[in-house]
Amino acid sequence: MNPFMRLKQILIVLGLVAASSAAYSQIEIDYTITAPGNVKPVWVSISGLTGEALATLQFDLYVQGFGFTNAQAAQYQISGSNDGNLQARAVDPHHKSTLVSKAYSGVPLRRQAHAFADDFVMALNGKPIAQTKIAFKGENGHTSEIYLADFDGHNAQAVTKDGSLVAAPCWVPGHLALYYVSYKLNHADIFYHDLSTGARRAFARYGGSNMSPAVSPDGSKVAMILSKDGWTDLYVGDADGGGLKRLTKSPQDESSPCWSPDGKWICFAAKEREHRTLCKVPASGGALQQIGTSGMPSPTEPDWSPDGKWIAFTAQFGSSFAICVVPAGGGMATELVEGEDPSWAPNSRTLAYGRRSGGRYVLALLDMPTKQHKDVSRIPGISSQSQPSWAR
Amino acid sequence: MKLNKFTNLMVIGLVLCVAAVGCRKKPVGVTDLPGSRAGKVPEPGSAPPVGGNQPPVSTTPTEPLAGTPSNPADLHAGWIKDAEALRSQTVYFDFDRSVLKPGEKPKVAAVADYLKANSPKAVLVEGNCDERGTEEYNRALGERRALAAREELIRLGIDSTRVDTISYGKDKPAVDGHDEAAWSKNRRDDFVVLSPPGK
Numbered sequence: 001m002n003p004f005m006r007l008k009q010i011l012i013v014l015g016l017v018a019a020s021s022a023a024y025s026q027i028e029i030d031y032t033i034t035a036p037g038n039v040k041p042v043w044v045s046i047s048g049l050t051g052e053a054l055a056t057l058q059f060d061l062y063v064q065g066f067g068f069t070n071a072q073a074a075q076y077q078i079s080g081s082n083d084g085n086l087q088a089r090a091v092d093p094h095h096k097s098t099l100v101s102k103a104y105s106g107v108p109l110r111r112q113a114h115a116f117a118d119d120f121v122m123a124l125n126g127k128p129i130a131q132t133k134i135a136f137k138g139e140n141g142h143t144s145e146i147y148l149a150d151f152d153g154h155n156a157q158a159v160t161k162d163g164s165l166v167a168a169p170c171w172v173p174g175h176l177a178l179y180y181v182s183y184k185l186n187h188a189d190i191f192y193h194d195l196s197t198g199a200r201r202a203f204a205r206y207g208g209s210n211m212s213p214a215v216s217p218d219g220s221k222v223a224m225i226l227s228k229d230g231w232t233d234l235y236v237g238d239a240d241g242g243g244l245k246r247l248t249k250s251p252q253d254e255s256s257p258c259w260s261p262d263g264k265w266i267c268f269a270a271k272e273r274e275h276r277t278l279c280k281v282p283a284s285g286g287a288l289q290q291i292g293t294s295g296m297p298s299p300t301e302p303d304w305s306p307d308g309k310w311i312a313f314t315a316q317f318g319s320s321f322a323i324c325v326v327p328a329g330g331g332m333a334t335e336l337v338e339g340e341d342p343s344w345a346p347n348s349r350t351l352a353y354g355r356r357s358g359g360r361y362v363l364a365l366l367d368m369p370t371k372q373h374k375d376v377s378r379i380p381g382i383s384s385q386s387q388p389s390w391a392r
Numbered sequence: 001m002k003l004n005k006f007t008n009l010m011v012i013g014l015v016l017c018v019a020a021v022g023c024r025k026k027p028v029g030v031t032d033l034p035g036s037r038a039g040k041v042p043e044p045g046s047a048p049p050v051g052g053n054q055p056p057v058s059t060t061p062t063e064p065l066a067g068t069p070s071n072p073a074d075l076h077a078g079w080i081k082d083a084e085a086l087r088s089q090t091v092y093f094d095f096d097r098s099v100l101k102p103g104e105k106p107k108v109a110a111v112a113d114y115l116k117a118n119s120p121k122a123v124l125v126e127g128n129c130d131e132r133g134t135e136e137y138n139r140a141l142g143e144r145r146a147l148a149a150r151e152e153l154i155r156l157g158i159d160s161t162r163v164d165t166i167s168y169g170k171d172k173p174a175v176d177g178h179d180e181a182a183w184s185k186n187r188r189d190d191f192v193v194l195s196p197p198g199k
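Just so you know, the sequences run in chain order Z and C.
Position one of the first sequence corresponds to residue 1 (my numbering), numbered consecutively onward.
Position one of the second sequence corresponds to residue 1 (my numbering), numbered consecutively onward.
No lab work stands behind these hints: they were computed from the structure.
Note that the structure is a prediction, hence the values are computed from the model and not measured.
Do not rely on the hints blindly, as some may be mistaken.
[Claimed, not checked] BS3-like cross-link-like pairs, simulated, lysine-lysine; straight-line CA separation at most 25 Å:
1. Lys-81(C) - Lys-184(Z)
2. Lys-161(Z) - Lys-172(C)
3. Lys-309(Z) - Lys-374(Z)
4. Lys-184(Z) - Lys-105(C)
5. Lys-105(C) - Lys-81(C)
Excised from the complex, chain C in its bound form (with noise of 0.2 Å):
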């Protein structure tokens, strides 16, 4: 009877479905590729490259082995702050890198040459961000912008004893806004000179 044949079948289905819905089961852990979330674009760079063209393994390094250690904290405690001598030599960064772009390598040419003749100035180098970040990652990032700047003046000859670095994160934007005319001038490295007391 066709009812009977479509119960049957039914119940088979049934049976069928029971066991591959039991047996399958969801991997942990598996990282799916990022921005795979429908209607939002991620920020180009922030995911790997779709498509598995991922750079070789380079057995030459292109990061420095080591970062050069940072000055003690008192090294030039009561110097005098001047942030107008280099202000124009203000280097700028590209959203969520701390890359020094060979555009503004110049300008930090130019802060070495400052200090190179005047002995025994020192460079305090701000870090700091556009607000298109969370707090303790963009303190991190402003880090890392200070640091590629003395690694840049240190590779410039200037005496690593005599750059410091600072980051503000996002706290001390030089403009208020929240466009890219904004944060194009937020992602910076300001360059404060220090002079020893008495001088």
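Bound conformation, chain Z alone (with noise of 0.2 Å):
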């Protein structure tokens, strides 16, 4: 073969190599995620587990991304027996490794199948979930309370009995407390709640309205919508109750907030002419930034994955609603499922979320990068269940 021939070949070969490898560095940084809602589940055989703990298992894994096959096409094989206790192991069959290996007791046979679950995750790199707790607020017929569960929905206890209307929890990170609205005092006002304890106190009760508590990552600081002075407006506060900062001063609306994992920033829902955004404002004060959401209208209800990387938001389509995510620093936004209110998981990648169904609310967990979503648990009696808050 000529020189020349043998020449072309190789820069076939190479602008190949070159042509897939360039397309690839335009993807997001981050390749483990690159494109919301279109990475392919991790697929598990499961065998010899049954009933509750099968069910528990399959939940746990279907909303981290896991799909079920058998055990010839899973990259990992789940297997195990529950007479009784929960004994599983989890192989991965390609290289002849054991990931997990256990017998549980002491605990009720699903609180087992979550710890195994979060075993098997752990041994993939992966945080987990499985025994993590939610806040959401519970509506029965004209009144709300709010409500502590597993985050599966099951365990369910209301933690406010007070025949009023309640808003928004907001977990303390690390601590078993929680903000909330509470109209129990015929005034929206926001509670702390210690709920080891069972203490809780007016946190925020200025004039006008108290709204959406949003706690900064270290517990020092609550960012809350008021209208003490006169509009609705964003403001922080010192989680002793003191230092409150105005960070916003607009007659158009606020509301929502979150903060950056980073504590530095705040994002929330904002209106600048009648065209609603996304926005930011450092925690200290500052300008405002807008987060484009290129693609989706109306965002609301935004929130900051732990990680960094993402904010969960609602878009709004007339009378419909969509859960999206947009990367941190604003661009292209992606829809992923019809909800409302997203709430991460400390695994930045699975959300609770609320879901109309029939003009009350579900709640539902999603996985965002691959778009498996499944209720949770409801609680019999309650007719709605929304506005979830992850413990994280």
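From the two separate chains plus the hints, produce the assembled complex.
Below is the structure:
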């Protein structure tokens, strides 16, 4: 073969390699989640487990982006038994390694299955969520209360019994404590509620309405929407009640603040000349910056992922709503599933959210990379469950 | 030879493609016009006007320079509530708006007249929304609707200490239903009369 032909062959091969890697380099830097909603599930097989243990494990894995198949096609094979207590192992058949091999006891079977799901995810260097909690608002007729539950909706318990209205629970990071809005004192006030002691106090009872508390990642500050100065504006106060600072001064809308995980920014829903948008402002005060959510209109209820990379929010299309994500710096937003009011799990991939069902809400979980989603367990006798906040 | 020429062109083409692909950079953080999502029409007013017809920057403020500070939460604690006296003066709002419509202003004027004739009574303006909004957005919107009526009452000469506001977001619909007939009745300010205890 003459040298020129050989050179052409080499150039073609190099060209193809360069073309494919050039295209690849345009994708988001975090190549593990390049296209929200379009990532393939990780395939597992499960054998030997039955009943509640099986159902629990399947739910836990599904909302973390796993799919289920037969042993031959699986990337990881899970097997075990649950006569009484759970014994389970997870192996990687291709690398011939055992990821988990454990026997569980001492807690209910459901909890054992959650623990195994966590052990499996941790063996894959993921962040476990199967033993985490959510808080949310539960409505019954014309009153609502704050509820606490396992992330899958089980073991729900009411933490308020005021026969009044509540809204917008928000966890104190790393603590068994919540902030929420309650109308118990004939006023929209923000309460701090220590769940371990049951003690609570009105944290923000300024004039007008006190709304949408959001706790900073280090727990030292609370962002909120207050109308004490005659407009609905964004304020930040110290958790001990002092140091109130006004961050916006605008007759237009501000609502639903959330914090960046480094505590430096507050992102919130805003309006600029009747155009609804997401904005962020330095937590210590300063100029507002728009966060573009191109393609997704009327963004509200933002939540910033714990790893700092994404902002989840609700987009509104007329009378329908969708959970969307956008890179935290703004840009192209991706619509994921019908729903509202997303709250990130500690793993920065699973979201809790509310979904409208006949004029009421049900809670559901969404795995952002794969778009897999499932309703959580409903509380009998409660007509609507909404506004989830995932404990971090 | 024909095949040789073809492969030559392929190689040149491929190299050019690689060069073009490698140089193209996606700008980050650029906001496209909202509503560009095919098949879904955004609500009127939720997108900036297409074509750049932005209103010119005006030096005359169209909004008040500052809101009137709200009353302390306990100012009217223990006062007797009467939701009926001013029920017929409930004012209604357009979707996603907190501006008092001209046609609704006579009702606010009637509330002002009532207050002027019934000192020392006060009024609680309860702002509400229809279900077509997310919960916390609606809570803030309801408050702005209440504040709009409060500012109008103050403008009509009512002392600010006699007007409280509260927002229920979409928690307290006046009419259950999932159509505009219901929604239009839920986007409202209700006026609740507050009478001092013992009177």
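Hint-by-hint comparison with the structure:
no., hint, in the structure
1, Lys-81(C) - Lys-184(Z), "holds (16 Å)"
2, Lys-161(Z) - Lys-172(C), "holds (19 Å)"
3, Lys-309(Z) - Lys-374(Z), "holds (24 Å)"
4, Lys-184(Z) - Lys-105(C), "violated (32 Å)"
5, Lys-105(C) - Lys-81(C), "holds (23 Å)"
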